[in-house]
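Participant: Residues per chain are reported as follows:
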Amino acid sequence: NAGVIQTPRHKVTGKGQEATLWCEPISGHSAVFWYRQTIVQGLEFLTYFRNQAPIDDSGMPKERFSAQMPNQSHSTLKIQSTQPQDSAVYLCASSLDVETLYFGSGTRLTVL
Amino acid sequence: AQSVTQPDARVTVSEGASLQLRCKYSYSGTPYLFWYVQYPRQGLQLLLKYYSGDPVVQGVNGFEAEFIKSNSSFHLRKASVHWSDSAVYFCAVSDNNNAPRFGAGTKLSVKP
Numbered sequence: 008n009a010g011v012i013q014t015p016r017h018k019v020t021g022k023g024q025e026a027t028l029w030c031e032p033i034s035g036h037s038a039v040f041w042y043r044q045t046i047v048q049g050l051e052f053l054t055y056f057r058n059q060a061p062i063d064d065s066g067m068p069k070e071r072f073s074a075q076m077p078n079q080s081h082s083t084l085k086i087q088s089t090q091p092q093d094s095a096v097y098l099c100a101s102s103l104d105v106e107t108l109y110f111g112s113g114t115r116l117t118v119l
Numbered sequence: 654a655q656s657v658t659q660p661d662a663r664v665t666v667s668e669g670a671s672l673q674l675r676c677k678y679s680y681s682g683t684p685y686l687f688w689y690v691q692y693p694r695q696g697l698q699l700l701l702k703y704y705s706g707d708p709v710v711q712g713v714n715g716f717e718a719e720f721i722k723s724n725s726s727f728h729l730r731k732a733s734v735h736w737s738d739s740a741v742y743f744c745a746v747s748d749n750n751n752a753p754r755f756g757a758g759t760k761l762s763v764k765p
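Going down the list, the protein sequences come from chains R and B.
FYI, the numbering for the first sequence is 8 to 119, going by our numbering.
FYI, the numbering for the second sequence is 654 to 765, going by our numbering.
Just so you know, the hints here were simulated from the structure itself, not pulled from any lab data.
Certain hints may be false.
Derived, one-sided and incomplete: chain B residues facing chain R with beta-carbon distance under 7 Å [to be verified]:
#1 Gly696
#2 Leu697
#3 Leu699
#4 Ala752
#5 Arg754
#6 Phe755
#7 Ala757
#8 Gly758
Here a beta-carbon is modelled for each residue, glycine too, at the ideal position from N, C-alpha and C.
Bound conformation, chain B alone (with noise of 0.2 Å):
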């Protein structure tokens, strides 16, 4: 069965410093691996996918995530983050067949 973990519940940093968020998966085979999301008072929103080819993927507003299979990771990365990146954001895990599996979220808090 796939699962995803986020081991950081919050994250904190100012703006215009670098922001990673991390994220471990546990998955069988080849996994189809996302970022989503979540504005305050909006609905999940997709900010990247990987599926296969180039391990580092590139998302809308500035974001990028890295495959990692030996460490089974998919981190998310932005060189320098602003305050309208304050929302809570969500991996996920999934193949060709079943539906993604959502790690808990983190809640990235930009400070001015």
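Extracted from the complex, chain R is given alone in its bound form (with noise of 0.2 Å):
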């Protein structure tokens, strides 16, 4: 078992430009989350998804932030128009239930 895989590890955008993050949740979860992590905030939810669809998006800024679960071997977490304040670690993790969390290594978004 791999674990969560959440790619790529790093990215760096110019602002302005639009970035893409995917994670691969761990086979037989039903449910993915998505959590943002920095310095400042600590870790803020996001998003997440149960058996593919939406289940509560209440931590996604309303502007720029997207994420999808298309099926359930990925989800996408998009945002349009990266700004500096973007910048953090992104987290992905995927569970059984709403329970115990499995976490990715993460995404670090550097947006110049």
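Starting from two chains that each stand alone, build the complex the way the hints lay out.
Facilitator: This is the structure we're talking about:
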């Protein structure tokens, strides 16, 4: 079991460019979560899916951020027109339910 | 809405000393409570969790936590820390349906 796989590990974008982050959950897990980690804000919840359906996106910034889960083997987090304040480590986690979460190593996004 | 407060951003202790990391939660119902640990350059890993029953729960590597409902607290303890315990510790709260919400984290440094 390879665990939760996130790609790329690092991404550098210029201000105004688009960034797409990928997450492959653990096979058989029905729930996928996205969080954002910064020094200032800590670990912020963004959104989560259960059985590929969006359940709660209350943490997503209303503009520029979107997440999808087109099939049970991957989820994407897309940030349009990236801004320097979007710089963070984006963490994906999966779970059999909403109990124990298994986290990936994260994608470090740097917006110049 | 559920939320978690970890009042101590950084804690430094000497190796062999006892440890308590504080966590206070806000949740109207019966919470599910968690402690996760993030070692340097690694993803978050579950240390322990509480759903019901004995309010003192044991985790890995000698960690334990006590659920005190009257105080809305779930502090993490260890009798004797080791240098390898240096990491960032996150407290989290959820219920059976919602994604866990995490505190800002406490960075633990263990002095040799």
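Participant: Hint check: is the beta carbon of B/Arg754 less than 7 Å from a beta carbon of chain R?
Facilitator: Holds: closest Cβ of chain R sits about 6 Å from B/Arg754, inside 7 Å.
Participant: Hint validation: B/Gly696 versus chain R, beta carbon distance must be below 7 Å. Holds or violated?
Facilitator: holds (4 Å)
Participant: With 7 Å as the cut and Cβ atoms as the points, is B/Leu697 at the interface with chain R?
Facilitator: Holds, because the Cβ-Cβ distance from B/Leu697 to chain R comes to roughly 4 Å (cut-off 7 Å).
Participant: Should the hint that B/Leu699 touches chain R count as held when the rule is a Cβ pair under 7 Å?
Facilitator: holds (5 Å)
Participant: Against chain R, with CB atoms and a cut of 7 Å, does the hint on B/Gly758 hold up?
Facilitator: holds (5 Å)
Participant: Measuring from the C-beta of B/Ala752 to each C-beta in chain R, is the shortest one below 7 Å?
Facilitator: Holds. Min distance 4 Å.
Participant: Would the hint on B/Phe755 be counted as holding, given a Cβ-Cβ threshold of 7 Å to chain R?
Facilitator: Cβ of B/Phe755 sits 4 Å from chain R, so the hint holds.
Participant: Have a go at the B/Ala757 hint: is there a Cβ in chain R nearer than 7 Å to its own Cβ?
Facilitator: Constraint on B/Ala757 satisfied, holds at 3 Å.
Of the numbered hints given earlier, the model fails none.
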